[in-house]
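Peer 1: The residues making up each chain are set out below.
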Amino acid sequence: MNLQVSRFQFFSIVLNFIIYSSILMAPGITVINAKQDGWLSMLLALGVGLAANFLYLMLFKKHGYPSLFELMDRSAGKWIGTALNIVIVFYALHLTAMVVRNLSNFMITDVSPYSSPYIYQILILLVVAYTSYHGVKNLFLISELFTPFISLFVIGSLIVIIKHFKIIELKPFFYNPPSAILEGAYSTLGFPFIEIMLAGAFLTYVKRKDKLVSIALSAIAIGGAVLVITVILVIGNDSAYIVARESYPTYSVMRDVSLTTTFKRVEIIIGIAWIIGLFFKISTCFCVAMMGIKHLSKSKTFRGYIVPCAILVWAMSNGLHKTFIDFTNFVSMDWTLYWFTLYSFVIITMLIGLARKRA
Amino acid sequence: MKIYRNKNKQAKEKSAGKHLDKDAISPEVDENIETIKQRLGDPFDFMARSYSYGKDRFALCYIDGMVSKDDLERTIVYPLMDWLRENDSFDTIGDRDFRQHIQIPTKMKETTSLSSTMDDLLRGNIVLFVQGRRQAFIASDQEWATRAISEPESQTLIRGPREGFVETLSINATLIRRRITNPALRFKSFVIGKVTKTQILVTYIEGYVNENALKEVINRIESVDTLEVYETGMLEELMEEKGYSPFPTIQSTERPDVVCSALTEGKVSILMEGTPFVLIAPTTFMSFFQAAEDYYTRFDLSTFIRMIRFISFWISLALPATYVALTTFHQELIPTNLLVSLAAQREGIPFPALIEALVMEGVFEILREAGIRMPRQIGPAVSIVGAIVIGEAAVAAGLVSPAIVIVVSLTAIASFANPYYSISGSARLLRFILMLFAASAGIFGMIVFTLALFIHLVSLKSLGQPFLSPLAPLSVKKQKDAFFRFPLWWEDRKKKKKVGG
Amino acid sequence: MQDWKTTMKANKTTREKIVLAIVWGFSLYYIIGYLAGIDPFPITVWLKAIYGPIYHTLFGG
Numbered sequence: 001m002n003l004q005v006s007r008f009q010f011f012s013i014v015l016n017f018i019i020y021s022s023i024l025m026a027p028g029i030t031v032i033n034a035k036q037d038g039w040l041s042m043l044l045a046l047g048v049g050l051a052a053n054f055l056y057l058m059l060f061k062k063h064g065y066p067s068l069f070e071l072m073d074r075s076a077g078k079w080i081g082t083a084l085n086i087v088i089v090f091y092a093l094h095l096t097a098m099v100v101r102n103l104s105n106f107m108i109t110d111v112s113p114y115s116s117p118y119i120y121q122i123l124i125l126l127v128v129a130y131t132s133y134h135g136v137k138n139l140f141l142i143s144e145l146f147t148p149f150i151s152l153f154v155i156g157s158l159i160v161i162i163k164h165f166k167i168i169e170l171k172p173f174f175y176n177p178p179s180a181i182l183e184g185a186y187s188t189l190g191f192p193f194i195e196i197m198l199a200g201a202f203l204t205y206v207k208r209k210d211k212l213v214s215i216a217l218s219a220i221a222i223g224g225a226v227l228v229i230t231v232i233l234v235i236g237n238d239s240a241y242i243v244a245r246e247s248y249p250t251y252s253v254m255r256d257v258s259l260t261t262t263f264k265r266v267e268i269i270i271g272i273a274w275i276i277g278l279f280f281k282i283s284t285c286f287c288v289a290m291m292g293i294k295h296l297s298k299s300k301t302f303r304g305y306i307v308p309c310a311i312l313v314w315a316m317s318n319g320l321h322k323t324f325i326d327f328t329n330f331v332s333m334d335w336t337l338y339w340f341t342l343y344s345f346v347i348i349t350m351l352i353g354l355a356r357k358r359a
Numbered sequence: 001m002k003i004y005r006n007k008n009k010q011a012k013e014k015s016a017g018k019h020l021d022k023d024a025i026s027p028e029v030d031e032n033i034e035t036i037k038q039r040l041g042d043p044f045d046f047m048a049r050s051y052s053y054g055k056d057r058f059a060l061c062y063i064d065g066m067v068s069k070d071d072l073e074r075t076i077v078y079p080l081m082d083w084l085r086e087n088d089s090f091d092t093i094g095d096r097d098f099r100q101h102i103q104i105p106t107k108m109k110e111t112t113s114l115s116s117t118m119d120d121l122l123r124g125n126i127v128l129f130v131q132g133r134r135q136a137f138i139a140s141d142q143e144w145a146t147r148a149i150s151e152p153e154s155q156t157l158i159r160g161p162r163e164g165f166v167e168t169l170s171i172n173a174t175l176i177r178r179r180i181t182n183p184a185l186r187f188k189s190f191v192i193g194k195v196t197k198t199q200i201l202v203t204y205i206e207g208y209v210n211e212n213a214l215k216e217v218i219n220r221i222e223s224v225d226t227l228e229v230y231e232t233g234m235l236e237e238l239m240e241e242k243g244y245s246p247f248p249t250i251q252s253t254e255r256p257d258v259v260c261s262a263l264t265e266g267k268v269s270i271l272m273e274g275t276p277f278v279l280i281a282p283t284t285f286m287s288f289f290q291a292a293e294d295y296y297t298r299f300d301l302s303t304f305i306r307m308i309r310f311i312s313f314w315i316s317l318a319l320p321a322t323y324v325a326l327t328t329f330h331q332e333l334i335p336t337n338l339l340v341s342l343a344a345q346r347e348g349i350p351f352p353a354l355i356e357a358l359v360m361e362g363v364f365e366i367l368r369e370a371g372i373r374m375p376r377q378i379g380p381a382v383s384i385v386g387a388i389v390i391g392e393a394a395v396a397a398g399l400v401s402p403a404i405v406i407v408v409s410l411t412a413i414a415s416f417a418n419p420y421y422s423i424s425g426s427a428r429l430l431r432f433i434l435m436l437f438a439a440s441a442g443i444f445g446m447i448v449f450t451l452a453l454f455i456h457l458v459s460l461k462s463l464g465q466p467f468l469s470p471l472a473p474l475s476v477k478k479q480k481d482a483f484f485r486f487p488l489w490w491e492d493r494k495k496k497k498k499v500g501g
Numbered sequence: 001m002q003d004w005k006t007t008m009k010a011n012k013t014t015r016e017k018i019v020l021a022i023v024w025g026f027s028l029y030y031i032i033g034y035l036a037g038i039d040p041f042p043i044t045v046w047l048k049a050i051y052g053p054i055y056h057t058l059f060g061g
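Residue numbers (the numbering used here), protein chains in the order written: chain A, 1 to 359; chain B, 1 to 501; chain C, 1 to 61.
Hints are not guaranteed to be accurate.
[To be verified] Residues from chain A shown here face chain B by an in silico Cβ test under 7 Å; the list is partial:
#1 His134
#2 Asn138
#3 Ile142
#4 Phe149
#5 Ser151
#6 Phe153
#7 Ile155
[Stated by the list, open to error] Distance windows between CB atoms, simulated:
#8 B:Phe486 / A:Lys357: 43 to 53 Å
#9 B:Arg298 / A:Phe149: 26 to 36 Å
#10 B:Glu347 / A:Phe8: 19 to 29 Å
#11 A:Tyr114 / B:Gly348: 42 to 52 Å
#12 A:Ile167 / B:Leu436: 43 to 53 Å
#13 A:Ile348 / C:Trp46: 14 to 24 Å
#14 B:Glu211 / A:Arg208: 52 to 62 Å
#15 C:Pro42 / A:Ala359: 37 to 47 Å
#16 A:Lys209 / B:Ile433: 22 to 32 Å
#17 C:Ile50 / A:Ile167: 36 to 46 Å
#18 C:Pro42 / A:Lys209: 40 to 50 Å
#19 B:Arg298 / A:Phe8: 31 to 41 Å
Because the hints were derived from the structure by calculation, they are not lab data.
By construction, the Cβ of each residue, glycine as well, lies at the ideal position given by its N, Cα and C atoms.
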């Protein structure tokens, strides 16, 4: 296999995956249930997510970092393995479609209302198809290139919103019952902490595999920490009451910040970072799906599958949910369990594979 | 059957080599001259001078205007005549002695093939035939009218050497030689072009050069199949990676110091007869932003200037598009006061921002092209028309807003701030595409375009080396000469530290 | 290194052809269904039916 990825590249992909899908939505999703304790939910979700990923990665390590799809084949046998692989490919495509939908939702609700969502969906899918046409390596290189810049954007945005931060909005801590905090954590656990298991498909291509588990976990931890800080800052800025009413609270908070009279609108910074970050998430999922299909068809390249899959993703992103409300409800209620199912299946398969190996 | 025929052919060729007189040099001097004359079509500038002394004869052939005639007499004719006067005959000297008696300043070789003799003759060498000998002596004493070494016009600087390459290959090679007086400096000669038979030199430093890149360069040069090359730009296009790219993946320069610095970095350079532009490969995106002067001035200033170059590249690429995106899609991002004044300016202007920007950019491109092509005498006229008519009058007539004039002028100025013309050409083309993206989806479109641009850049290779290195793949070590120009003592100090403890 | 200006084009195996046909087929089926206004693959409905009850038993409401 001539695809080789450096550890920093892998780190950057995982980091982008964790941060960008959630940085605008997570405050809203957690706060709906946990009110001003939303950041505790996020922290809890991060803890559980880290534990879940630790288990997943350790199992990968035990197997000697094979490719995800090969591992399924090997552990569950040819037939069940193929079925599982098809399911993983579908999950990846489903996630791609959801993120594309999320992006276009954001564009038409917050950035330019009254515009057509299709242009955003089609443009982003064209770029995603373009990067996957150049291969997975290209995606990793471009992630490596952009990560420092968009990280700076995010850090800058977070620093900017400190200005209006009031700790009183967060108090009293643990005001809400534990069940509410748990519910908030539940919504944000699947998205993004369990979704990140898709990045496991790339593990086999990392050049130097020592400390790989800790690198992946630290990327998840750093990304999660950024999310926790974001939730804290956003609640502290806008109060839980308002945040729960916004679909993309981080963006709204940024909109209210004015640095000086000339730079009144700094929210575009986080908007740009978010769009670029989502590009990485979409491309990552898309590439995993492509790699899955490539594995299923045993071909040398997945170029032939890009166009039909991109069309499918576009149709799915519009067809899965009729309305934005439906989309948000589905994400906060069913999404985590849906992904947890896949997670459990994969973990069980990996355990079976280990047992078979021992025997 | 086929094999048999081939064998037959080979056999024929072999026998032909033995007996055929066509390519062999005749012992008769006049016969050789006649053959050459005939084969060249009796050209007006072919000179053949015969000298006899007793029964001994020799003849000099050359192309008029390509050799130094004074040297000819002094270094070949006089010594030979002297020698004849003393010894009466050529028969008593061997080949080695013969060569020693000709005081040619440059190299001399001998050949028995008439066609290679003719090739050398056409390159400006002197051919010496001696009665009774079946070989020709070829002395290279090329000298032709050439431009004097002057300051390069395309890459000027304030501090640094003023010498630029000229159109003569040997002078260019000397310019490099003078800067790298290292025995490991290598020049490999190739001939390209079925019709033009242009000589090129592949230059590198043995031991420093990136072996893969060198192999790739030679491989590509050998597989170039073309009738003609007149400029390294043509060779560049023939050698580049497959697939379309608006970006040049081979660098070209007129400055010997730039070439030398590239050579010490392990790159390969290609010199060609007839052009002052020398190719450097493999190159990176970053090296198009590094001027030679960066290393001759203080590092802090150089770093600052390099930043300015990156910013101006981005301005020249994206400023009109940003204007279009902001005024059509994201008015809320413009500060209110500015927005009010912009809106007041655009009031009564019949075109949407995109058309306005496209027209003005188009006009500027016409002006630029006219500025290069026009005869020097009418230069002032074009600038007057450009500045007054296109700028002030268009605004006064209400065709375009003053803001777009500022945007276009800033874009134009920024596009000249690049040390390499070829890379600003890419920005020039992509600017229009980016404007279309900005007009269709605002800033989102611009982001998408930027992503696509970098996906393309990341996928580009220059002779198999990643084009966007050291950014992607990231190399922290090489960052000291990418965005920043770290002081030259930086590395030494680090090394010393390592040695010290 | 040799083929820096030529591309290799391998022929597709039967397996590849089958997978390609399935991918194109599903994609076209879905998009035609979507454009015709019916939900051709109501995965959302199914998932809600499966996970909705679990969610409600976990968190109530």
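Peer 1: Checking hints one by one. Is Asn138 (chain A) an interface residue toward chain B, by the C-beta closer than 7 Å rule?
Peer 2: For Asn138 (chain A), the interface hint holds, since the closest Cβ of chain B sits about 5 Å away, which is under 7 Å.
Peer 1: Take the shortest C-beta to C-beta distance between Phe149 (chain A) and chain B; is it under 7 Å?
Peer 2: violated (10 Å)
Peer 1: Interface hint check: Phe153 (chain A), Cβ to nearest Cβ on chain B, cutoff 7 Å. Holds or violated?
Peer 2: Constraint on Phe153 (chain A) not satisfied, violated at 12 Å.
Peer 1: Would the hint on Ser151 (chain A) be counted as holding, given a Cβ-Cβ threshold of 7 Å to chain B?
Peer 2: violated (14 Å)
Peer 1: Confirm or reject the claim that Ile348 (chain A) and Trp46 (chain C) have a C-beta distance inside 14 to 24 Å.
Peer 2: Hint holds: Cβ distance 22 Å, inside 14 to 24 Å.
Peer 1: Honestly, do Pro42 (chain C) and Ala359 (chain A) meet the 37 to 47 Å range at C-beta?
Peer 2: holds (42 Å)
Peer 1: A range of 26 to 36 Å was offered for this pair. Does it hold for the Cβ distance of Arg298 (chain B) and Phe149 (chain A)?
Peer 2: Holds, at about 28 Å.
Peer 1: Would you check whether Ile142 (chain A) satisfies its interface hint, that is, whether its CB is within less than 7 Å of any CB in chain B?
Peer 2: Ile142 (chain A) check passes; min Cβ-Cβ to chain B is 5 Å, inside 7 Å.
Peer 1: Verify the CB-CB distance for Ile167 (chain A) and Leu436 (chain B) against the hinted window 43 to 53 Å.
Peer 2: holds (48 Å)
Peer 1: Assuming the hint says 22 to 32 Å, is it satisfied by the Cβ distance from Lys209 (chain A) to Ile433 (chain B) or not?
Peer 2: violated (41 Å)
Peer 1: Close enough to count: is the Cβ of Ile155 (chain A) nearer than 7 Å to one in chain B?
Peer 2: Violated, about 18 Å.
Peer 1: How does the Cβ-Cβ distance of Glu211 (chain B) and Arg208 (chain A) compare with 52 to 62 Å: does it lie in that range?
Peer 2: violated (25 Å)
Of the hints listed earlier, those the structure fails to meet are numbers 4, 5, 6, 7, 10, 11, 14, 16, in rising order.
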